[in-house]
Amino acid sequence: MNALLACCLFFQSVYCNPVESGIPFQQEHSEPGNPYLSGNKINLEAVRTTCNFLTDNDITEVDGNLIPRRKTAFIRHIKHINETLEQAWVDNRDADAEIMGLLYELRFFEASLKQKAAQQAEGPLNIWQKIRLRRDSNKSSRVFRYKQPTKVSAGLNDPTDSPFWHAADTVPLQDRFDKLAKLKKIKAKKNMVVLFDKLGTDGSAPKIDAFDLDLDNDWTLKWGDEVHTDIAGSRIFAALGYDVDHPYYYGENKLTLVFNEASEIPDASVLVERVLGTYDVDLSPFISEKGIVTTDMADSLEQLRPFIGKPYVRFKKCGLEARPDRVKRIGSFLPEALHNDERTELRGALLAHQFIGNWDTREANTLLTLVHRGNYEYYQSAVFSDLGTSFGVVQHTFPPDFKTGLVNAFPWEAVLVKNKRVRLTSPVNAILDCYSDATYDDLQWMAKKIGAIDSIALRDMVHKAHWPKPLEELYFHKLASRRASILTAFQIPDLHPIAFDRNLNYEENGVKIIENGMLLQDYEPEANPESFLDEHGRFRNYGH
Numbered sequence: 002m003n004a005l006l007a008c009c010l011f012f013q014s015v016y017c018n019p020v021e022s023g024i025p026f027q028q029e030h031s032e033p034g035n036p037y038l039s040g041n042k043i044n045l046e047a048v049r050t051t052c053n054f055l056t057d058n059d060i061t062e063v064d065g066n067l068i069p070r071r072k073t074a075f076i077r078h079i080k081h082i083n084e085t086l087e088q089a090w091v092d093n094r095d096a097d098a099e100i101m102g103l104l105y106e107l108r109f110f111e112a113s114l115k116q117k118a119a120q121q122a123e124g125p126l127n128i129w130q131k132i133r134l135r136r137d138s139n140k141s142s143r144v145f146r147y148k149q150p151t152k153v154s155a156g157l158n159d160p161t162d163s164p165f166w167h168a169a170d171t172v173p174l175q176d177r178f179d180k181l182a183k184l185k186k187i188k189a190k191k192n193m194v195v196l197f198d199k200l201g202t203d204g205s206a207p208k209i210d211a212f213d214l215d216l217d218n219d220w221t222l223k224w225g226d227e228v229h230t231d232i233a234g235s236r237i238f239a240a241l242g243y244d245v246d247h248p249y250y251y252g253e254n255k256l257t258l259v260f261n262e263a264s265e266i267p268d269a270s271v272l273v274e275r276v277l278g279t280y281d282v283d284l285s286p287f288i289s290e291k292g293i294v295t296t297d298m299a300d301s302l303e304q305l306r307p308f309i310g311k312p313y314v315r316f317k318k319c320g321l322e323a324r325p326d327r328v329k330r331i332g333s334f335l336p337e338a339l340h341n342d343e344r345t346e347l348r349g350a351l352l353a354h355q356f357i358g359n360w361d362t363r364e365a366n367t368l369l370t371l372v373h374r375g376n377y378e379y380y381q382s383a384v385f386s387d388l389g390t391s392f393g394v395v396q397h398t399f400p401p402d403f404k405t406g407l408v409n410a411f412p413w414e415a416v417l418v419k420n421k422r423v424r425l426t427s428p429v430n431a432i433l434d435c436y437s438d439a440t441y442d443d444l445q446w447m448a449k450k451i452g453a454i455d456s457i458a459l460r461d462m463v464h465k466a467h468w469p470k471p472l473e474e475l476y477f478h479k480l481a482s483r484r485a486s487i488l489t490a491f492q493i494p495d496l497h498p499i500a501f502d503r504n505l506n507y508e509e510n511g512v513k514i515i516e517n518g519m520l521l522q523d524y525e526p527e528a529n530p531e532s533f534l535d536e537h538g539r540f541r542n543y544g545h
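For what it's worth, my numbering labels the leading residue of the sequence shown as 2, then goes sequentially.
Bear in mind the hints are in silico, worked out from the structure with no lab data behind them. Glycine included, every Cβ here is placed at the ideal spot set by N, Cα and C. Honestly, I wouldn't trust all of these hints.
[Claimed, not checked] As a list, the in silico EDC-like pairs of lysine to aspartate or glutamate whose alpha-carbon atoms are at most 20 Å apart: (1) Lys513 / Glu527; (2) Lys72 / Asp170; (3) Lys317 / Asp210.
[As the list claims (entries may be wrong)] Listed next, with one range per pair, are the computed distances between beta-carbon atoms: (4) Glu274 / Ala168: 44 to 52 Å; (5) Asp215 / Pro526: 20 to 28 Å; (6) Thr151 / Arg374: 42 to 50 Å.
Required output: the full structure, derived from the provided sequences and hints.
Next comes the structure, spelled out in structure tokens:
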């Protein structure tokens, strides 16, 4: 790895990471090719140019692409970095670990913001990009093959804590998701009230943006096939040491969406019309009740009292994803200029995607974020986003469509071994550099992390997804089987064996729901309108 990058990332792990390491780092570094350095001193002109680019919202374009508006907290953080570097220049300080870390932050933010601008400029996927996604899906099973070593190695050591990955701590694996949420001050109440903001226009699953009652924090409300899968996938990735988005499941009448009559969409009826026109999805089957907030409703749920007389709607089921104010989303955490594909924790993430069968591995689903710790202190964190296209994905070319959360399409093995060669089973729609560069050792490192998930942790994370009971049971057994296939393929002793039955049967009232590990019929279709068997539903095609 580039020496500058290595030392800067080490600095980040000590000073910019929410996990307190307390390890001093005093070695000085310089690199002639670094634009922010002149010898071993700060190049103040280059620093000022980048800081100006990152903080001046009057700079609206880069390379002909519109730049996303920079948030106030982000601007404040960059100005603080600039002030520190300006003072270091006045003091004629050599580029020590602190300075190198701050310079790396500037490079990282600049590259990520530029990449975000370029991604937004692309707009909806064109025909050639869609063909490439399909090509990569077909290509995955041929690319992701690895020769087993003749001698079992001790494997790689854990990388240093960094914005990309955090080592195990005293928190149980199944509680890591909640710990991350607490750091971001996310509060998902048991009964939630959110205020309509606007209809989403990106992605293929129907969704809207909404406000929390404090009007500071936002939420994204979703329906459809990701309502369960996103919840499970995000919790598993968090258990493996990664930062994630924070989606929550809300069952029947547990979430109330309140409308403002003056907004573009003033009530539930118009919402149904607009979702159908935008996403080609009928929202009506997901609605449990709608009308006007009454005094009796406010007596039962005090949060509704300020909205008596306002239109509202409730749902049979939905997903609610947090967009907390203290988390600023910048752009991808894989900007090409920084060669982040050289990190074991990012190469190893390929096996984490395989474990949950995540199909949508596009760079757009990696996010560099800046998180406010409090008292004007911030840390960087790399988020694996939109993990819901998992747990059984079926794609159709004509007409273009795909569906997730199809349990019968979720293989019992995550990896197969034949003639001493390991093959990953789940296709992905984007073979990023960090994944194509992954080695057997990188994946073996991740396999050990997956092996640390025991029955209690796995059961808890699957339960949090709130699949209907028969599907919850089948997914638990399939994930346990996939975990076992991973440990066997990478020659790792199973310290926490999880029993599973590939011929699982499940009956209710004398009716077979699951037979020999296969779901036979859609379970309670009226309560689950997304369907667990129908392979169609994402008519907008591949996210656009």
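Range first: 42 to 50 Å. Now tell me if the beta carbons of Thr151 and Arg374 are that far apart. Holds - the Cβ-Cβ distance for Thr151 and Arg374, about 48 Å, lies within 42 to 50 Å.
Assuming the hint says 44 to 52 Å, is it satisfied by the Cβ distance from Glu274 to Ala168 or not? 50 Å, holds
Given pair status - Asp170, Lys72, alpha carbons within 20 Å: Outside the cut-off at roughly 32 Å; violated.
Is the Cα-Cα distance between Lys317 and Asp210 20 Å or less? 19 Å, holds
Asp215 versus Pro526 beta-carbon gap, inside 20 to 28 Å or not: This hint is violated: roughly 37 Å between Cβ atoms.
Take a quick look at whether Lys513 and Glu527 sit within 20 Å of each other, Cα to Cα. It holds: about 18 Å lies between the C-alpha atoms, which stays within 20 Å.
Hints 2, 5 from the earlier list are contradicted by this structure; the remaining hints agree with it.
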